[in-house]
Every structure is written in C-alpha cells, then in structure tokens.
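Quick note on numbering: the sequence shown equals residues 1 to 632 in the numbering used here.
Hints may contain errors.
[What the hints assert, rightly or not] The calculated lysine-lysine pairs, modelled on DSBU-like cross-linking and capped at a C-alpha distance of 30 Å, are:
| id | residue 1 | residue 2 |
| --- | --- | --- |
| 1 | Lys631 | Lys577 |
| 2 | Lys186 | Lys145 |
| 3 | Lys30 | Lys577 |
| 4 | Lys577 | Lys507 |
| 5 | Lys59 | Lys5 |
| 6 | Lys620 | Lys538 |
| 7 | Lys201 | Lys361 |
| 8 | Lys631 | Lys333 |
| 9 | Lys174 | Lys40 |
| 10 | Lys230 | Lys199 |
| 11 | Lys53 | Lys542 |
| 12 | Lys133 | Lys39 |
| 13 | Lys527 | Lys573 |
| 14 | Lys333 | Lys186 |
| 15 | Lys166 | Lys145 |
| 16 | Lys205 | Lys174 |
| 17 | Lys224 | Lys174 |
| 18 | Lys568 | Lys538 |
| 19 | Lys174 | Lys199 |
| 20 | Lys201 | Lys372 |
| 21 | Lys542 | Lys565 |
| 22 | Lys546 | Lys631 |
| 23 | Lys224 | Lys372 |
| 24 | Lys186 | Lys224 |
| 25 | Lys186 | Lys372 |
Just so you know, these hints were derived from the structure itself, not from any lab.
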Amino acid sequence: MLRQKIRIGFPLIGSKEWIGGITYIEMFVKAINTLEPEKKPKLYLIIYDHSLKNYELYKYFISYFDGILFTGMNLPEALEVLGKNFIYCFNEECLYRHIDFYYPVLGATPVPCPFAFWIPDFQHFYYPELFSKTEANSRTLSYQKIAYESAYLVLSSQSAQNDFYKIFPHPMTKTRVLPFYALQEKEWFISNPLEISKKYKIPEKYLICCNQFWAHKNHLCLFKAISELKKNGITIPIVCTGSTRDYRNTHYMDEIIEQIKKLGIHDEIYILGNIPRLDQIALIRQSMAIIQPSLFEGWSTVVEDARILGKTIILSDLPVHLEQATPYARYFKRNDYWDLKNNLEKLLPDLFPGPDIEKEKLAPSQSISLVKNFATQFMELVLESVNNTVNKSVINSSADLFSKHIVGITYLFEENDFSSVKITPTCKSLLKFPRYADFLIQYGKALKTQNKKYWNYFYNLGIKVIVKKIHKNDGILQELVNYFKEKSVFNKEEYLLMQLITKFSSKDFLVRFYFNLGKSYEITYPKKSSTYYNKALKILKKIQNKNIVQLYRMASCYMRINDFKKTKELFGKIINKTTISRLISGSYFHLGEVALEEKDLVQAKEYFNKCLALVPDHQKAKEYIAAIQIKT
C-alpha cells in the first residue's frame, strides 16, 4: 500500500553553462506546488558531491522543496555549503529509502527505485558536426538503451516524440509528452525594469536574446540581420544573456566576437553572460521583444518566459516552436537572416520598451490551466510507475544499523573533550563494512577543519580499516575506485592512501585497480586515464609467463590508450590460444570497437556478429550493430 504522501527526488541538474536544466527543475517543482494539498507529493532535491558547486543556482527556489538529500563522501563541504538543513544519505541504498520516485534520469543508467528517463532533444542526429564523435556515439547508444530497456521516457514536446519514433521505430519504453509551463512570481514585479537595464548600462530600447552561446543557438543569424538593418539606417541594440562557454567548442565565443566586429555592430551588441534570474526577468520585461533564433530545441524555456509575461517573441520556424506557440509569437525562416531582417523591419515600428501591464495581468489566467495540467499528468506517470514497481530497493539490516551508529558517533564528535573516547563495541562493529572506513576518514577530516584535537585518531582508524581490507579481501576494489574517481588532484591524505594501497596490494589487484581508475577518468580527465592504464601495463609487462587473463587485461589497456596495433595483435593471439568462450567473445567485441575507431564499419559489424555467435545476449554488441545500421 502506498504512503499517504509520495516522495519525489529531483537530482540537482544544470550549471552556469546549462541554465536550461535548472529552469526545467524549477518549473517542475513550482507546477507540482499548485496541486491540491491531498494530491501534492513531498519534493526533495538530491545533491551529490559533484553537484554541490551548483547548489547556489538553486537557492532562489529552494523553498519549494520539502527537504534536501545529500549523498557523497565530501561531508565537510556539504556542511559548509548546505548548513545543517539536509538529510545525509551515507550511500545510495540510504538515498533510495527516502524517495518513492526519481526524476529525471539523464543518460542510460537506471536507478534502483521507480524512475523515468528524460531526453531533452535529439540534436546530435540533426547536427552531428556540433559534437565530438565520442559524444555523438555515446548519446546514440545511450538513447538506444533507453528505447529498448527502460520502462518510462519523458519527452518535452510532440516534436521530440516524433524524432524519437523516427529514430527508434519500435521501442519498448512507454513515452510521455510533458511540455512544461511557467508561473509568474511576485518577486518578478518588485524591481523597476528600467533601473535594472541602467544597472547593466544598456539603453532603454532593445531586443533581448536569452540563450547560452552554443553553436545551435544561431546567434550569428540574428547578428547578420542586425547588421543589414544598420546598413538601412535602423540601429537596434541586442542584449544577450546566457553562458559564453560552449564545452563542445571552447573557441566558439572568440569566433562570435570576431564576427560581431566584422559585421560592424560591436556598439549594438551587449553580452551580459549569466546574470541572476530576477535581473533576467526584469530585462525581458523592459525589452521591446524577445528573439529566439535557435536551430534546435526540445521545449524552449525562454518561450515560456514570453508566454507568462505577455511579451512579443520572434522565433525561428522550428516544428517545436510552432507547437509551443504563444499568443504574441512571430516566425522567420530559421536559416535565413534576410527573412529575420525583413520581419524585424516590419515589427519594430509597433514595438515599445517596458512592461505591458495589461498583457502581464492576462498571462497568468491563460497559463494556470496549462501548469496544473502539466503537474497532473506528471503525477499520473509517477503513480503508474510506483504502482507497477514490484522489486523496490530496500536497505539491508547492516545499513539500518549503521544509520543508528551515525547518530551516536555524531554526538561523540560534538563533545568538547575527546580524551575519554575509546574504540567501543559500537565503533568496532563499523569496521565490518568497507564504506564505514571512509565515513571515519571523512569525519576525521571534518574535525581537522574545526581544529579539533583528535581528528587524526578517527582519520587513521579509517585508513587502517581500508588497508586491512585490501590486505585480506579484494572486494573493496570498487569502493576504492569510487573514492578516487573524478579527482583531478590528490591532496596529501589521498596521496598517502594511494601509497598504502600500492604497498599492501597484490599485483593482480593493482592491475584491476588501475584499470578501473582509468575507466572512471576516461571522460573527465583523459590524460589521467592514460596514466592509470599505463600503470597497469607496467605491472603486467613485468609478469613472467602471463596467463590468458593477464594477456586479455594487457590487450584491453593497449586499446584504451589507442595503441591499436598491439591491441589487435594480442586479441588475435588470445582468440587462437584459448577455448574460453567468454574471453574469445570479449576479444571479438573489442576488435569490433577498434574497427569502429578505424572507421571500418564492415569489419566492425563482422567482429560484433562473431561476438554474438558466442554470447547471444551481449547487449553492447547488439547496440553497436544497431548503431552501425542507423549510420549505414
């Protein structure tokens, strides 16, 4: 039987480079808060170590959540950033004990509780040149996995759903189209929009474009249209808000600045970068109109801003923009700056700066029904997913026991005098579980930041537990990989821990440890990734009379550092030398990946088929073959 209040966890997504992710969550939680009390769920913001740095961007609407759930190892930083108003989940099992539904899941990795995936759009299928080959392939495989293995997928527009079924004609997942809508906030109308424009030293009359500077946002089309207008004696300032960094092309902003100079409109363009949300709303209100020239969108948040503020918006003629139509929308041909120029020339005489009070008063009545319908449809999905889930993840008894120990240890740490603290039976019971060693280390570090006398006692106790576990049991491998992954620089304590691991571990353990660390760094720190693969190779090369498994690991390392000649040589040797089907199929699979890197799709497909002949349920091989078929 379901609890009286469903608990929904929203992970903190978005960043200064992707404000749209933040606005997406904001619109969700505000919409859900419009529901009647008996239908309204409890909402939690989920924060991990890697997302702590972006918490500041959520603070202006944090009051719409019922609580914050933090799960991670960096407890000292969490206390500093979040204060004490959060629930600490010491591991993922604990986290999923506190929620009934998780949304949105990005990527193809499910979570062990009811959830739904979200794919914002399918941009890389239409504009592959804007993505690296690695990212494009990763997205294709991820979306394919979602299409054929997930229960629920949310798409923000009918246009996105059409793209999804065009790319994946017979998916297994259930799709839901959930366009999101905005509500007005009282805080938006406190400041004087004209004063805010003076704050940023921009003129009274201007058009505004609220898009991060990514190539598909099509700023150049707008700037060329403004240049043509200027040639005709019509000068109109353009205010641009949004991130000036495109992670896919770090030089893109330099190219934009250069084009602005060449077009002779340097004095007309005001690039503000990321600004506070309330300031952005004020500038939209003061503007003559909004321009959204984008070449691709899932469901545009700035269009929803235009709807709720009753502003005229000039849109590129994307199918999703036509679907999202607002009362005061105008359209131009998306790749035709001349058409945009002509549209602006016709519209400008009828556009005036400042808020249109009558339209702003009318907008909420037109939007409230859209918002409530959006929230209701989402809750229907939540209830359906929760009701259909049979094997919901639960915490085991040892974790329950530890949650009680946390309280006791916290009280100990809050004492002023640590002289009487000893290893009690309760503390000893913690030593049975690998993750608890890290807990001791983290609390030791927290005490150190407070200049507490006994921080070293707890810190060293944690180190000793980890070393002991390594010495006796290789099962802690993944714990250690998780501890170190995504770190660009080791501090003194972490460096010491790495030395201890090296000292107390077997060669076989170290090879696997370094290999897994290499994998965990592949996307975030490629150079560090190669360093660890080479560490694993160095150990393997020293082993005399290598067995077949060690040869396989060596071949895998060579593949990861792109030495394809040795990769093919070793995997070929393994295929001829062993009868173990798992290793043969794996060798064929990796040879297929190498063929893909070398752009030999025919050879790649042949290898993947050989892999499947031995292991018919090899999912990755199936995904690669399907991806090859899409390309060809």
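Legend entry - Agreement of lysine 542 and lysine 565 with the hint, judged by alpha carbon distance not exceeding 30 Å: holds (20 Å)
Inset, instruction - Below or equal to 30 Å on CA atoms is what counts here, so check lysine 53 against lysine 542. - result: Violated, at about 42 Å.
Inset, instruction - Could you grab the alpha-carbon distance between lysine 568 and lysine 538 and see if it respects the 30 Å cut-off? - result: holds (19 Å)
Legend entry - Restraint check for lysine 174 with lysine 40, where alpha carbons must lie at most 30 Å apart: holds (24 Å)
Legend entry - lysine 631 paired with lysine 333 [C-alpha distance capped at 30 Å]: Since the Cα atoms of lysine 631 and lysine 333 sit roughly 29 Å apart, the hinted pair holds (cutoff 30 Å).
Legend entry - Pair hint outcome, lysine 631 versus lysine 577 [Cα-Cα no greater than 30 Å]: violated (34 Å)
Inset, instruction - Could you grab the alpha-carbon distance between lysine 133 and lysine 39 and see if it respects the 30 Å cut-off? - result: Violated: lysine 133 and lysine 39 sit about 45 Å apart, past 30 Å.
Legend entry - 30 Å Cα cutoff - pair lysine 230, lysine 199: holds (26 Å)
Inset, instruction - For the pair we were handed, lysine 186 and lysine 145, check the Cα-Cα distance against 30 Å. - result: violated (43 Å)
Inset, instruction - Quickly compare the C-alpha distance for lysine 30 and lysine 577 to 30 Å and report which way the hint goes. - result: violated (62 Å)
Inset, instruction - Sort out whether lysine 186 lies within 30 Å of lysine 333, counting only the CA atoms. - result: violated (36 Å)
Inset, instruction - Measure nothing beyond the straight line between the CA atoms of lysine 527 and lysine 573; if it is 30 Å or shorter, mark the hint as holding. - result: Distance ~29 Å between lysine 527 and lysine 573 Cα, so the pair holds.
This entry does not satisfy hints 1, 2, 3, 11, 12, 14, 16, 17, 19, 20, 22, 23 and 24, going by the numbered hints stated previously.
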